[in-house]
Amino acid sequence: MRHLLLGLALLVPLSACSDGALDDRAGDSPQVTITVYAAASLKDTFTEIGRQFEAEHDGVTVAFSFAGSSDLLAQIQQGAPADVFASADADTMDTAHAAGVLDGAAQDFASNTLEIATPPDNPADVATLRDLADRRVRTVVCAPQVPCGAAAVGVQKAARIAIPAVSEEQSVTDVLGKVISGEADAGLVYVTDVKAAGDRVAGIEIPESAGVVNTYPIAPVRRSAHAEDAQVFADFVVGRQGRAVLAAAGFGPP
Amino acid sequence: MATGSSGLPRWIFAPAAVGALFIVLPLGAMASRVDWGAFPTLITSDSSQAALGLSLRTSAASTVLCILLGVPMALVLARTTFRGQSIVRSLVLLPLVLPPVVGGIALLYTFGRRGLLGETLDVLGLQIAFSTTAVVIAQTFVALPFMVVSLEGALRATGQRYDVVAATLGARPTTVLRRVTLPMVLPGLAAGTVLSFARALGEFGATLTFAGSLEGVTRTLPLEIYLQRETDPDAAVALSLVLVAVAILVIGLVRGSRSATP
Numbered sequence: 001m002r003h004l005l006l007g008l009a010l011l012v013p014l015s016a017c018s019d020g021a022l023d024d025r026a027g028d029s030p031q032v033t034i035t036v037y038a039a040a041s042l043k044d045t046f047t048e049i050g051r052q053f054e055a056e057h058d059g060v061t062v063a064f065s066f067a068g069s070s071d072l073l074a075q076i077q078q079g080a081p082a083d084v085f086a087s088a089d090a091d092t093m094d095t096a097h098a099a100g101v102l103d104g105a106a107q108d109f110a111s112n113t114l115e116i117a118t119p120p121d122n123p124a125d126v127a128t129l130r131d132l133a134d135r136r137v138r139t140v141v142c143a144p145q146v147p148c149g150a151a152a153v154g155v156q157k158a159a160r161i162a163i164p165a166v167s168e169e170q171s172v173t174d175v176l177g178k179v180i181s182g183e184a185d186a187g188l189v190y191v192t193d194v195k196a197a198g199d200r201v202a203g204i205e206i207p208e209s210a211g212v213v214n215t216y217p218i219a220p221v222r223r224s225a226h227a228e229d230a231q232v233f234a235d236f237v238v239g240r241q242g243r244a245v246l247a248a249a250g251f252g253p254p
Numbered sequence: 001m002a003t004g005s006s007g008l009p010r011w012i013f014a015p016a017a018v019g020a021l022f023i024v025l026p027l028g029a030m031a032s033r034v035d036w037g038a039f040p041t042l043i044t045s046d047s048s049q050a051a052l053g054l055s056l057r058t059s060a061a062s063t064v065l066c067i068l069l070g071v072p073m074a075l076v077l078a079r080t081t082f083r084g085q086s087i088v089r090s091l092v093l094l095p096l097v098l099p100p101v102v103g104g105i106a107l108l109y110t111f112g113r114r115g116l117l118g119e120t121l122d123v124l125g126l127q128i129a130f131s132t133t134a135v136v137i138a139q140t141f142v143a144l145p146f147m148v149v150s151l152e153g154a155l156r157a158t159g160q161r162y163d164v165v166a167a168t169l170g171a172r173p174t175t176v177l178r179r180v181t182l183p184m185v186l187p188g189l190a191a192g193t194v195l196s197f198a199r200a201l202g203e204f205g206a207t208l209t210f211a212g213s214l215e216g217v218t219r220t221l222p223l224e225i226y227l228q229r230e231t232d233p234d235a236a237v238a239l240s241l242v243l244v245a246v247a248i249l250v251i252g253l254v255r256g257s258r259s260a261t262p
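Protein chains in written order, with the working numbering: chain A, 1 to 254; chain B, 1 to 262.
Rather than coming from a laboratory, the hints here were simulated on the basis of the structure. Heads up, the beta-carbon is just placed ideally off N, CA and C, and yes, glycines get one too. Don't take each hint at face value.
Claimed, not checked - If the Cβ cut is set under 8 Å, some of the chain A residues that face chain B in the computed set are:
{"hint": "1", "residue": "Thr35"}
{"hint": "2", "residue": "Glu168"}
{"hint": "3", "residue": "Gly182"}
{"hint": "4", "residue": "Arg222"}
To be verified - Going by beta-carbon spacing under 8 Å, a handful of chain A positions derived as facing chain B:
{"hint": "5", "residue": "Ser70"}
{"hint": "6", "residue": "Arg136"}
{"hint": "7", "residue": "Val140"}
{"hint": "8", "residue": "Val146"}
{"hint": "9", "residue": "Ala165"}
{"hint": "10", "residue": "Ser167"}
{"hint": "11", "residue": "Gln170"}
Make the full structure from the sequences, and use the hints.
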């Protein structure tokens with residue numbers, strides 16, 4: 001990257017001496033970096049989408065900041081240099097909209113549902129969601145305050161059961177960690193988390209989660225200095241290529 | 001406070017004041033954000049009370065553990081010489097510099113269900129993961145060095161002369177320890193106790209990693225603050241202030257008792 005910038009810096013004055021038309025072209029597409037604030041669960045997919053985007057858009061670099069959606073929103077509200085915001089839930093995006101930090105409407109680009117993750121050997125013989133109502137099964141879920149926890153509450157309501165969780169964690173990665181380490185017999189995590197964890201966990205689909213779908217919206221940030229490029233990136237995520245990357249990771253259509 | 005500056009150059013007060021501001025200003029900024037009208041309701045919600053109560057109980061328990069384990073460790077380190085002592089001392093201090101999450105992971109692989117001691121403990125009917133015991137273990141792990149460091153420093157500073165005199169007068173080692181050594185380092189012991197308690201009170205990372213987070217069982221005040229921040233930043237700020245107040249109170253207590261018995 002450094003070399004590329006250096007090369008460009010050398011090229012601009014050179015072309016200025018030689019050819020007027022070339023000079024204009026160089027002036028039209030200076031090196032631009034757009035900063036994307038995206039939910040932690042999008043780390044792998046957005047990194048890949050960013051790579052594809054850069055390959056197709058000369059002169060535009062995409063930088064990412066991944067964290068919990070509400071953390072990111074708080075940072076943007078405090079004036080963090082974000083150009084695009086992608087949240088893991090509609091609620092956070094609505095809050096962002098109400099706070100006036102967004103430019104234009106948000107577009108939904110993916111969805112996610114919950115699944116049961118167990119250690120590969122499934123020590124508690126979990127087969128259905130109903131099994132988690134058993135106090136002998138040590139289940140870990142997200143706290144209701146975070147999106148994956150809100151979804152867990154929804155799933156329990158849909159199934160009319162109450163899971164006596166041994167821990168309500170801060171994030172879905174915390175839940176997954178407790179399952180991978182074998183401390184928990186089961187955890188409620190997203191389908192994409194189970195897929196990303198590979199053979200470190202086993203996944204059990206839960207039909208009850210079909211009605212509790214978590215939608216991911218994306219929107220350009222109002223104060224962005226690169227509003228145009230920000231919109232182009234958001235459209236790229238929503239578009240065919242973005243969808244393909246997300247689908248491959250297990251995300252559902254929006 | 002304003003007793004003679006014993007010839008310090010004047011310019012030294014400027015950076016000292018900047019340093020003090022650096023600590024006080026953020027706390028003041030936080031206090032200025034508190035919605036005082038809603039403060040009582042914010043800090044008296046059931047989950048806040050459960051978190052504060054749990055924090056005080058577990059911190060007290062881990063402080064007792066720090067005294068039981070830390071005092072002998074400090075005595076051995078200060079009063080004996082053995083091979084590899086400096087290595088042992090460095091290892092004891094390690095939790096001070098480790099990121100808390102590393103401590104949590106280490107504890108997980110020791111006391112966790114599939115950890116080093118986990119199966120043995122399981123056979124004995126002890127389930128540590130996701131229990132209040134796990135919180136106390138995490139707090140003790142990070143707080144213990146504070147006890148050892150404070151007390152070892154005090155022991156080295158007072159020296160061994162009185163112990164030797166007492167021994168030559170016929171006192172047995174345990175008597176010397178109880179009647180001479182420990183009373184002499186009481187301020188150091190008090191400082192270590194308070195620092196351990198304060199550190200346990202603020203413990204976050206190791207607890208989250210090792211113990212989990214469940215109201216009334218493992219969700220201590222720092223964890224509650226972190227969780228509240230997601231949905232109710234006002235409550236998070238109010239609870240943060242409570243934590244600061246409790247910490248100041250604890251530190252003030254020992255300051256008071258130390259200046260009373262110089």
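So, going through the hints one by one against the coordinates:
Here the hint on A:Thr35 is broken, as its CB sits about 23 Å from the closest CB of chain B, past 8 Å. Because the closest C-beta pair between A:Glu168 and chain B is about 6 Å apart, less than 8 Å, the hint holds. This hint holds: A:Gly182 has a C-beta 4 Å from the nearest C-beta of chain B, less than the 8 Å allowed. Using the Cβ-Cβ criterion of 8 Å, the hint placing A:Arg222 at the interface with chain B is not satisfied: the shortest such distance is roughly 21 Å.
With 8 Å as the threshold, the beta carbon of A:Ser70 comes within range of chain B, its nearest partner Cβ sitting at about 5 Å, so the hint holds. A distance limit of 8 Å between C-beta atoms decides the matter here; for A:Arg136 the minimum to chain B is near 12 Å, and the interface restraint is violated. Evaluation of the A:Val140 hint against chain B yields a held restraint, the C-beta minimum of about 7 Å falling below 8 Å. The beta carbon of A:Val146 comes within 6 Å of a beta carbon in chain B, closer than 8 Å, and the hint placing it at the interface holds.
Interface restraint check for A:Ala165: the shortest CB-CB distance to chain B comes to about 7 Å, inside 8 Å, so the restraint holds. Because the smallest distance between the Cβ of A:Ser167 and any Cβ of chain B comes to about 3 Å, under 8 Å, the interface hint for this residue holds. Because the smallest distance between the Cβ of A:Gln170 and any Cβ of chain B comes to about 6 Å, under 8 Å, the interface hint for this residue holds.
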